[in-house]
Amino acid sequence: MSDAVITVDQLNLDYKLGNRWLSALKDISFGIMPDEIHGLVGESGSGKSTLALAMMNFVAPNARITSGAVYLDGVDLLKKNSAEMRQIWGRDISLVPQDALAALNPSYTIGDQISEITRLHEGLSKRAAWDRAIEMLRQVRINDPKAIAQRYPHQLSGGMQQRVTIAMALSTHPRLLVLDEPTTALDVTTRAVIVDLFRELIRENHAAALYVSHNLGLVAQLCDRVTVLYGGEVMACAPVQELYKSPYHPYTISLLASLPHVTTGTETRLPTIEGVAPSLAERPHGCVFATRCPIAIDKCHTEKPPLEVVQGDRLIKCWRWREIATGEIVIDTSPKEHPMDTAPRAGVVLNANALNKEFDRPTLTDRLLMTGKRPVHAVDNVSVRIRQRSTLGLVGESGSGKTTLARLILGLETADSGTLELLDVPLDLTLGKRSKKALRDLQMVFQNPNDALNPFITVGGQLARTIQRLSMKPLTRAAIQTRVLELLNAVRLTDAYVSRFPAELSGGEKQRVAIARAFAADPALIVADEPTSALDVSVQSVILNLLKDLRAAKGASYLLISHDLDVVSYLADWIVVMYLGEIVEQGTVEQVYATPSHPYTEALISAIPVADPTVKRKAIRLGGEQPSPRNLPTGCRFHTRCPRKIGTICETTLPPYTDVGDGHFIRCHIPAEELIALQTSEPLTERKT
Amino acid sequence: MIDAFKQFIRRPLPLLGLLIVAIFILIAVVGPLIAPYRFDEIIRGASRQAPSEAHLFGTDRLGRDIFSRILWGARDIIILPMLTTALSVFFGTCIGLFIGYRGGWVDEVISRLLDSLLAIPALVLALVMLGTIGPSTFGIILVIVILYTPIVARVVRASTLNIRANGYIESAKLRGDTLSYILFREILPGVLPALVVEGALRFSYAIFLTASLGFLGLGVQPPSPDWGRMVNEARESFSQTPWALWYPAGAIALLVIGVNLVSDGLRRVFRYEGQLI
Chain A
0 MSDAVITVDQ
10 LNLDYKLGNR
20 WLSALKDISF
30 GIMPDEIHGL
40 VGESGSGKST
50 LALAMMNFVA
60 PNARITSGAV
70 YLDGVDLLKK
80 NSAEMRQIWG
90 RDISLVPQDA
100 LAALNPSYTI
110 GDQISEITRL
120 HEGLSKRAAW
130 DRAIEMLRQV
140 RINDPKAIAQ
150 RYPHQLSGGM
160 QQRVTIAMAL
170 STHPRLLVLD
180 EPTTALDVTT
190 RAVIVDLFRE
200 LIRENHAAAL
210 YVSHNLGLVA
220 QLCDRVTVLY
230 GGEVMACAPV
240 QELYKSPYHP
250 YTISLLASLP
260 HVTTGTETRL
270 PTIEGVAPSL
280 AERPHGCVFA
290 TRCPIAIDKC
300 HTEKPPLEVV
310 QGDRLIKCWR
320 WREIATGEIV
330 IDTSPKEHPM
340 DTAPRAGVVL
350 NANALNKEFD
360 RPTLTDRLLM
370 TGKRPVHAVD
380 NVSVRIRQRS
390 TLGLVGESGS
400 GKTTLARLIL
410 GLETADSGTL
420 ELLDVPLDLT
430 LGKRSKKALR
440 DLQMVFQNPN
450 DALNPFITVG
460 GQLARTIQRL
470 SMKPLTRAAI
480 QTRVLELLNA
490 VRLTDAYVSR
500 FPAELSGGEK
510 QRVAIARAFA
520 ADPALIVADE
530 PTSALDVSVQ
540 SVILNLLKDL
550 RAAKGASYLL
560 ISHDLDVVSY
570 LADWIVVMYL
580 GEIVEQGTVE
590 QVYATPSHPY
600 TEALISAIPV
610 ADPTVKRKAI
620 RLGGEQPSPR
630 NLPTGCRFHT
640 RCPRKIGTIC
650 ETTLPPYTDV
660 GDGHFIRCHI
670 PAEELIALQT
680 SEPLTERKT
Chain B
0 MIDAFKQFIR
10 RPLPLLGLLI
20 VAIFILIAVV
30 GPLIAPYRFD
40 EIIRGASRQA
50 PSEAHLFGTD
60 RLGRDIFSRI
70 LWGARDIIIL
80 PMLTTALSVF
90 FGTCIGLFIG
100 YRGGWVDEVI
110 SRLLDSLLAI
120 PALVLALVML
130 GTIGPSTFGI
140 ILVIVILYTP
150 IVARVVRAST
160 LNIRANGYIE
170 SAKLRGDTLS
180 YILFREILPG
190 VLPALVVEGA
200 LRFSYAIFLT
210 ASLGFLGLGV
220 QPPSPDWGRM
230 VNEARESFSQ
240 TPWALWYPAG
250 AIALLVIGVN
260 LVSDGLRRVF
270 RYEGQLI
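Residue numbers (numbering that gives the first Met the number 0), protein chains in the order written: chain A, 0 to 688; chain B, 0 to 276.
Simulated from the structure, these hints should not be mistaken for lab results. The reader is advised that the hints may include incorrect statements.
What the hints assert, rightly or not - One side only, chain A facing chain B, incomplete, derived with CB under 7 Å: (1) W88; (2) D415; (3) S434; (4) M443; (5) F445; (6) A451; (7) L452; (8) T465; (9) R468; (10) L469; (11) M471; (12) L474.
As the list claims (entries may be wrong) - With a straight-line Cα cutoff of 25 Å, these simulated BS3-like cross-link-like pairs (lysine-lysine) come out: (13) K335(A) / K553(A); (14) K5(B) / K435(A); (15) K25(A) / K303(A); (16) K125(A) / K145(A); (17) K335(A) / K435(A); (18) K432(A) / K172(B); (19) K5(B) / K436(A); (20) K172(B) / K472(A); (21) K15(A) / K172(B).
To be verified - Among the chain A residues that face chain B by a calculated CB cut under 10 Å, a handful are: (22) G410; (23) T413; (24) L428; (25) L430; (26) R433; (27) K435; (28) R439; (29) Q442; (30) P448; (31) N449; (32) D450; (33) A519.
Each residue gets a CB set at the ideal place from its N, CA and C atoms; glycine is no exception.
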């Protein structure tokens, strides 16, 4: 790889844990060519962030590189001392970090921070550096760069902050750009815009880039070549089309198969990868993926496969890749069909009518001081209905009010006005006033499995307490224990988990316990708040399948909150899309995905990157920033960003909430027929030629 | 908990502190039994004696054996602070948990009350109160509890605010758990690390404050062997009997240092909170 911008050659890195040095990266080799966007894909614990930084010779104090080399234009970076590296960092290699706000200094203006880099590396004067900073802000498509340069990081939105870090990284026209999961903190629609920006800027600057991500869709749409990392080792490295369309490594194959997608009409289960990734301390001697590999043979467990060249620059680390390549072995990646009938029944589980919630109302002090403070109207006159055995997917970005709506239904927040009915019985808006019967029927699974369980109480203890509290009559110890074991088994955890503490469980296992707890009293409705967003991709499919199984077995309804339309469309049969406190569209999954669609829904769907590099979604991007919920736009709330805005009517008049057929509602001024015409003339997805 | 203990005794300084405190507690328990003389026993002809074999720490101007007085006095300087610390921790925890969890105007109002108590300097409050009702053990207890409860409540409240946001607390609410269960069984274990450290710190402050009050004559009354008062009494005849000041002062200092070392050790150990309790 003599003409590569950067080549990693047999890199090995250890971490110190307690008193031992544990191998975190083993024999990493790959290269990035000029003008190439190279994706580095892996789950948590795979070592991708460590590798990205190690390539820059940026090693944590408790880590050490034990062998290997990293050649930047032929020069080994690992041989350089910190003084020499300081010349290279920021000038030849730049980093776009994961958390933009944390990476920016809150005490300095944006302009100062961008200037700092060119003043340091190019010796520019204050004036010249400032002008260059303004120019960089313009390049990252920031409107009014002069004003932004004067501002401080906390005054900018998440998307803007990330643009600033990109501007900083590009200001010296580096040879290599390292992007460490740079969009994780961003909303879906903002992310789409930023990723478009990455693509353009990297091409314009003729830079090579390393894009680290766990999101297979993003990598498919953005990258030219991809390296897959697992357990600190390279599993495969290939051009993006080959990796996604004809993968040779069992891990890649299984991972791609386990991604949720729209499955309408059929009752299916995703293929999953069983087991958990090995911890640093328990590195297997053989292939690091062998314990979870569907086609592992004895040799895989005892001998580590070498990193072989398939052809050209395609690499693979598997004993059996040839058999996969020739088609001798085929790993079954089709979703499993389940014959159970889970069509929603007619009855209604939950009826929420005209719910309202405001936060941060002006207090007496505010009024006296005339601060002009306006409240946040988080949920504005929202009504939803959830039927029996149905899953309602509540979709929206931050500030949409979806989480608040769910909390109002649960009673964790008390609605200002409106009514709730659970199984046709009026439900008090205040949690404390609800009957035990009501509590039994309405439970929740939280987003973050790490704080869903009390770290000081055993798994069995927490389940037992829930069972005991929700029971209508007093239960004996034995009865409670039986139920605890029942619940654990239902989520496929063995009896041994009863006496374990949450710290001993993996993220996926904790989430399963949380699900078991939610089902303790056989509720009619479970609110699942982003149940998989904190989990790795390979664990996600296990949890989604579990949720489907339990739904079928117990006949429960779900209120599923998510920003990930793929997850929602996989589980839900009814979708509600929210924007700034209002419902802008609702309907069945088919209706929402097909036209007519609300322009916001269109943008949301378009923003989801498809995990197939040959398929491109039409880019419907939202301009501007999301308005502050304290200062809502007049007329239609979406008009400030709507790509299909028709005129002043959108600014002055509230749009009608119309039924465009079979209970499919859209809140828009554009009539349904026109929407259909507009949206079908330009198809949303197309194959790249 | 065993892991916590093991971690704790691995470091030399906290171990030393633990040893010191253990010795003092031992003295508090068996002191009066092994003391050669009673604390108020005036030995004829033996006043103002320098430390010797007969009188390990010498005698004071009245002819009382200082060594014995220190052994006898250990009780007051340890048991009373222990009691006041325990009470402050108890009340402070209950208040802190409650207002931290409830929030809202209850939190606002009570926090402001606690703030106002915190604003009062310790000795000023002690002088005013004990000056009014007269020095007494009960008075000291009252003063110290009033002074230290708000501090403990603050620490507990801060911890509670952090823990309150966790999913498992909301889960407890959703199953209709009682307030006391949520506060004491769900939240308290998470508060314990900070509480234990603060409790140890309060103990050392309580010892010091009790000794200071004794010094000012507001503590246990003569002839009771209050170390603080012993220091004060020794001031007048310092040129003649310096040992009468050094030994009680040294004892107080050593005890406070010992407790502080323990408190430091606890703080280091509990930095790994969540896994050790």
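Regarding the hint that G410(A) lies at the interface with chain B, is the smallest CB-CB distance below 10 Å? 8 Å, holds
Holds or violated: W88(A) as interface residue toward chain B, Cβ cutoff 7 Å? 32 Å, violated
T413(A) as chain B interface residue, shortest Cβ-Cβ below 10 Å: 12 Å, violated
Restraint satisfaction for L430(A) [CB to CB of chain B, less than 10 Å]: Constraint on L430(A) satisfied, holds at 6 Å.
Identify whether the interface hint at M443(A) stands, where standing means a beta carbon of chain B within less than 7 Å of its own. Holds, about 6 Å.
Using the nearest Cβ pair, does P448(A) come within less than 10 Å of chain B? Interface hint status for P448(A): holds (8 Å vs cutoff 10 Å).
For the hint on L469(A), does the least C-beta distance to chain B fall short of 7 Å? 5 Å, holds
Does L474(A) pass the interface check with chain B, least Cβ-Cβ distance below 7 Å? Result: violated, 14 Å to nearest chain B Cβ.
Can the restraint linking K335(A) and K435(A) be considered satisfied, given a maximum Cα separation of 25 Å? 38 Å, violated
So if I understand the rule, the pair passes when the alpha-carbon distance is 25 Å or less; does K172(B) with K472(A) pass? 19 Å, holds
Let me know if the C-beta of D450(A) comes in closer than 10 Å to any C-beta of chain B, holds or violated. 4 Å, holds
CA of K125(A) to CA of K145(A), is that 25 Å or under? Distance of about 15 Å is within 25 Å: holds.
The structure fails hints 1, 2, 3, 11, 12, 14, 17, 19, 21, 23, 24 (numbered hints given earlier, in ascending order).
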